[in-house]
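Enquirer: Read off the chains here:
There are 2 protein chains.
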Amino acid sequence: MSNYLSMNNQQLMAEKEKLVKEYEAFKAKNLKLDMSRGKPGTEQLDISEKMLDIISSETECKTRDGLDCRNYGLLDGIPSMRELFAQMLEVDANEVLVGGNSSLNMMFDTISCMMTAGIGGCTPWVKQDKIKFLCPVPGYDRHFGITEYFGIEMINVPMTATGPDMDVVEGLVAADDTIKGIWCVPKYSNPQGITYSDETVKRFANLKPAAKDFRIMWDNAYCVHDVTDNGEKLLSIMDECKKCGNEDLPILFCSTSKITFPGSGVAAMASSLSNMAVFKKRYTYQTIGYDKINMLRHMKFFKNLDGVLSHMEKHKAILKPRFEAVLTHLDNELTDKGIASWKKPNGGYFVSVDVMDGCADKVVALCKEAGVVLTGAGATFPYGNDPKNSNIRIAPSFPPVDELNVAMDLFCLCVKLAAVEKLLK
Amino acid sequence: MSNYLSMNNQQLMAEKEKLVKEYEAFKAKNLKLDMSRGKPGTEQLDISEKMLDIISSETECKTRDGLDCRNYGLLDGIPSMRELFAQMLEVDANEVLVGGNSSLNMMFDTISCMMTAGIGGCTPWVKQDKIKFLCPVPGYDRHFGITEYFGIEMINVPMTATGPDMDVVEGLVAADDTIKGIWCVPKYSNPQGITYSDETVKRFANLKPAAKDFRIMWDNAYCVHDVTDNGEKLLSIMDECKKCGNEDLPILFCSTSKITFPGSGVAAMASSLSNMAVFKKRYTYQTIGYDKINMLRHMKFFKNLDGVLSHMEKHKAILKPRFEAVLTHLDNELTDKGIASWKKPNGGYFVSVDVMDGCADKVVALCKEAGVVLTGAGATFPYGNDPKNSNIRIAPSFPPVDELNVAMDLFCLCVKLAAVEKLLK
Chain R
2 MSNYLSMNNQ QLMAEKEKLV KEYEAFKAKN LKLDMSRGKP GTEQLDISEK MLDIISSETE
62 CKTRDGLDCR NYGLLDGIPS MRELFAQMLE VDANEVLVGG NSSLNMMFDT ISCMMTAGIG
122 GCTPWVKQDK IKFLCPVPGY DRHFGITEYF GIEMINVPMT ATGPDMDVVE GLVAADDTIK
182 GIWCVPKYSN PQGITYSDET VKRFANLKPA AKDFRIMWDN AYCVHDVTDN GEKLLSIMDE
242 CKKCGNEDLP ILFCSTSKIT FPGSGVAAMA SSLSNMAVFK KRYTYQTIGY DKINMLRHMK
302 FFKNLDGVLS HMEKHKAILK PRFEAVLTHL DNELTDKGIA SWKKPNGGYF VSVDVMDGCA
362 DKVVALCKEA GVVLTGAGAT FPYGNDPKNS NIRIAPSFPP VDELNVAMDL FCLCVKLAAV
422 EKLLK
Chain S
2 MSNYLSMNNQ QLMAEKEKLV KEYEAFKAKN LKLDMSRGKP GTEQLDISEK MLDIISSETE
62 CKTRDGLDCR NYGLLDGIPS MRELFAQMLE VDANEVLVGG NSSLNMMFDT ISCMMTAGIG
122 GCTPWVKQDK IKFLCPVPGY DRHFGITEYF GIEMINVPMT ATGPDMDVVE GLVAADDTIK
182 GIWCVPKYSN PQGITYSDET VKRFANLKPA AKDFRIMWDN AYCVHDVTDN GEKLLSIMDE
242 CKKCGNEDLP ILFCSTSKIT FPGSGVAAMA SSLSNMAVFK KRYTYQTIGY DKINMLRHMK
302 FFKNLDGVLS HMEKHKAILK PRFEAVLTHL DNELTDKGIA SWKKPNGGYF VSVDVMDGCA
362 DKVVALCKEA GVVLTGAGAT FPYGNDPKNS NIRIAPSFPP VDELNVAMDL FCLCVKLAAV
422 EKLLK
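Chains as they are written, first to last, in this note's numbering: chain R, 2 to 426; chain S, 2 to 426.
The set of hints was computed from the structure by calculation and includes no laboratory data. Please note: incorrect hints may appear among the correct ones.
Identical copies look the same in the list; a pair holds intra-copy or inter-copy alike.
Stated by the list, open to error - Pairs of lysine-lysine, DSBU-like flavour, derived with a Cα cap of 35 Å:
| no. | residue 1 | residue 2 |
| --- | --- | --- |
| 1 | Lys-315 | Lys-213 |
| 2 | Lys-51 | Lys-19 |
| 3 | Lys-51 | Lys-304 |
| 4 | Lys-301 | Lys-317 |
| 5 | Lys-28 | Lys-317 |
| 6 | Lys-63 | Lys-30 |
| 7 | Lys-282 | Lys-389 |
| 8 | Lys-243 | Lys-19 |
For reference, chain R alone in the conformation it holds in the complex (with noise of 0.2 Å):
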């Protein structure tokens, strides 16, 4: 069939009129699946099930220096597991604070902590009049909750291939000093699966922001979550910081969310030795000290780095046919009708679909009305506001792969009517 673009009136009511009856057939089926969440699947999860009960005993619950991980204290977390994780986020592992089961929350709490407590031997943000962030789109719906949840200014900055718009990022952080931070998942990125290029992170790394407390919060979530055999590398953003001098700059982050439980894993978090001493300050009247017996349920099972690396060829095998699913149907059903685009991404948890302007809000509805539920259309951007209600998300990991396909047919069906509905209009 041929592009939407180029048909005229007659043409597109034919084809109304056809899809209209595939949509009626769709809900008659009574179908119930969700694709809106980026959550791993069952079988992801049974894969660490060997994790459970791997600390059984007394006398396993002592770090390699002896000490008693069932009691208080170690508020860095446990040696072994710093140093995995400065092996991840390749940071030292003297700038590693292992957290609880979520970065998020080491995210919320970071900005938190600027908020009332300032970085940088700057005012805290609560007391400076405004302050703005800035938010490559489409991005991860958690984080801008976060910024705006402390009521600080969001600024959209476009992403690009290789990252987001770095000539936007420069102009923007150099010209305005209540731009304090911006939000990026540097590899694999929420939700487009873009890996920003060496030169995007040498631009961050060299940013001469006006605000001497804008920080760089470079959530690294997909560090090790490669979904086919072509996965990509990202430039240490640390490294590029400290080589010239703006070690101050970037805040990690990263977990075990999406590699062992959602629920249960472990999170961390690293930045210089004088931002760490702020957080830390923080932390040590926030909290003892995480709980070290799930960090060492952590370091037995994995061991070390390739410990983790082989787990992840096993959650690679999982999720690989789940996304090649989901690309195969878009490719089929969405190439050359002028509808619709979308990048094949090498890692990462979701593939990120631009349908007609205008249209995004409309096929997340027809989706839901027969049963597939999506992430809402706006999520993807701050005040969940899509300028151009183009952007929707599609998280393919926890649905079976015969759920997916049906999920998906129905999907570009409804990309498909919204559009011919907009090009009737």
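Here the structure of chain R is known, so what remains is to put chain S in place on it, guided by the hints.
Expert: Chain S in isolation, oriented as in the chain R frame:
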């Protein structure tokens, strides 16, 4: 031996000479003992060993409603654990949020939330000019640490045998709308082991604070933690508050840190639905949920409140001789000397000793010099400042009884030595 206060100079000199000799003998022993923190001993940790691997397969990772605890979700915590904590805190289960491994962290987050988001529809505390907190003294250093970290001015309120001096509390909160809260450990208070009387609880419930955003931080850390067979009963603050329409006043906390593992327990908080709406709004941005597998471990281990209570009998059996050792030394060596006073607690983690005014730091320093670490003098007061320099907190839980006996021999000696030196000045 007689009361030091009735000795003449010559008698004091003779006593001092004897004490110094004993002290030198102690120093020669090169002791290395720690009575500084309320840290459970190894025996106590061992009684929960079976919990480590009690969840061993994916089939056990489900809530009773079938939700997969390995995955994301369930911000409030698993229903069975909400119910258990509801019983421990004497509130409704829907008022409970089950958190991570640290109730201290939940208290910190709660204060942080009221700082930046406000409570009761009032202006966030950071936007109010100056705010204050009442601190019953002696009290818990980590409570005072949180309010100090956020720059909240702390006002000492004296403890009585029935809890904080309620005449002082009522007077202050009614008169001053910059007073926003009070820290309470209502059962087996830290460090004195005082359980608030029914009248005290009722007076708390009936407070008429000038500030609409005044809240009671009710840290029920030792709700099931008897150390003698004369366990005490605390009136339910929430029930009393509901009776007088004051249910927004209290915010309750507890955890299993001193029931299972200090580093890997489960914490919870509870408050009125209208307060919880404010806190949960924050939590919704802060995290997707806490470690539910660890909640399952606890529920499978305990099953219900009876399970917790019978487990606490084992802790009591371990702690009882330790507390008896401390108290026997105090009774035998310091009774009727006029230089120290203390209370025999029926629960909690500490024995609080008031030595002669001006002598606490000297006693702690003498002990330290001879190899026994105590909680720093002043730690039980806001800003580390004990105006009388007389309170010392003894933590009997961690050292074995034989070590405790040695440490307490030294402690009593140092109390006497510091007193004699003071009296000779």
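Enquirer: Check Lys-51 against Lys-19 for me: Cα-Cα at most 35 Å, and say if that holds within a copy, between copies, both or neither.
Expert: For Lys-51 and Lys-19, neither the intra-copy (51 Å) nor the inter-copy (63 Å) Cα distance is at most 35 Å.
Enquirer: Using 35 Å as the alpha carbon limit, work out where Lys-315 and Lys-213 are close: within a copy, between copies, both or neither.
Expert: neither (43 Å within a copy, 55 Å between copies)
Enquirer: Between Lys-282 and Lys-389, at a C-alpha cutoff of 35 Å, which is it: within one copy, between copies, both, or neither?
Expert: For Lys-282 and Lys-389, only the inter-copy Cα distance (29 Å) is at most 35 Å; the intra-copy one is 43 Å.
Enquirer: Between copies, within a copy, both or neither: which fits Lys-243 and Lys-19 at Cα up to 35 Å?
Expert: Classified as neither: same-chain Cα gap 60 Å, cross-chain 62 Å, threshold 35 Å.
Enquirer: Which holds for Lys-63 with Lys-30 at a C-alpha limit of 35 Å: within a copy, between copies, both or neither?
Expert: between (55 Å within a copy, 29 Å between copies)
Enquirer: How would you classify Lys-301 and Lys-317 at a CA-CA limit of 35 Å: within, between, both, or neither?
Expert: Both. Shortest intra-copy (22 Å) and inter-copy (33 Å) distances satisfy the 35 Å Cα cut-off.
Enquirer: Within a copy, between copies, both or neither: where do Lys-51 and Lys-304 come within 35 Å Cα-Cα?
Expert: both (14 Å within a copy, 24 Å between copies)
Enquirer: Is it within, between, both, or neither for Lys-28 and Lys-317, if the alpha carbons may be no more than 35 Å apart?
Expert: within (33 Å within a copy, 62 Å between copies)
In summary, the structure is inconsistent with hints 1, 2, 8 from the numbered list given earlier, while agreeing with the others.
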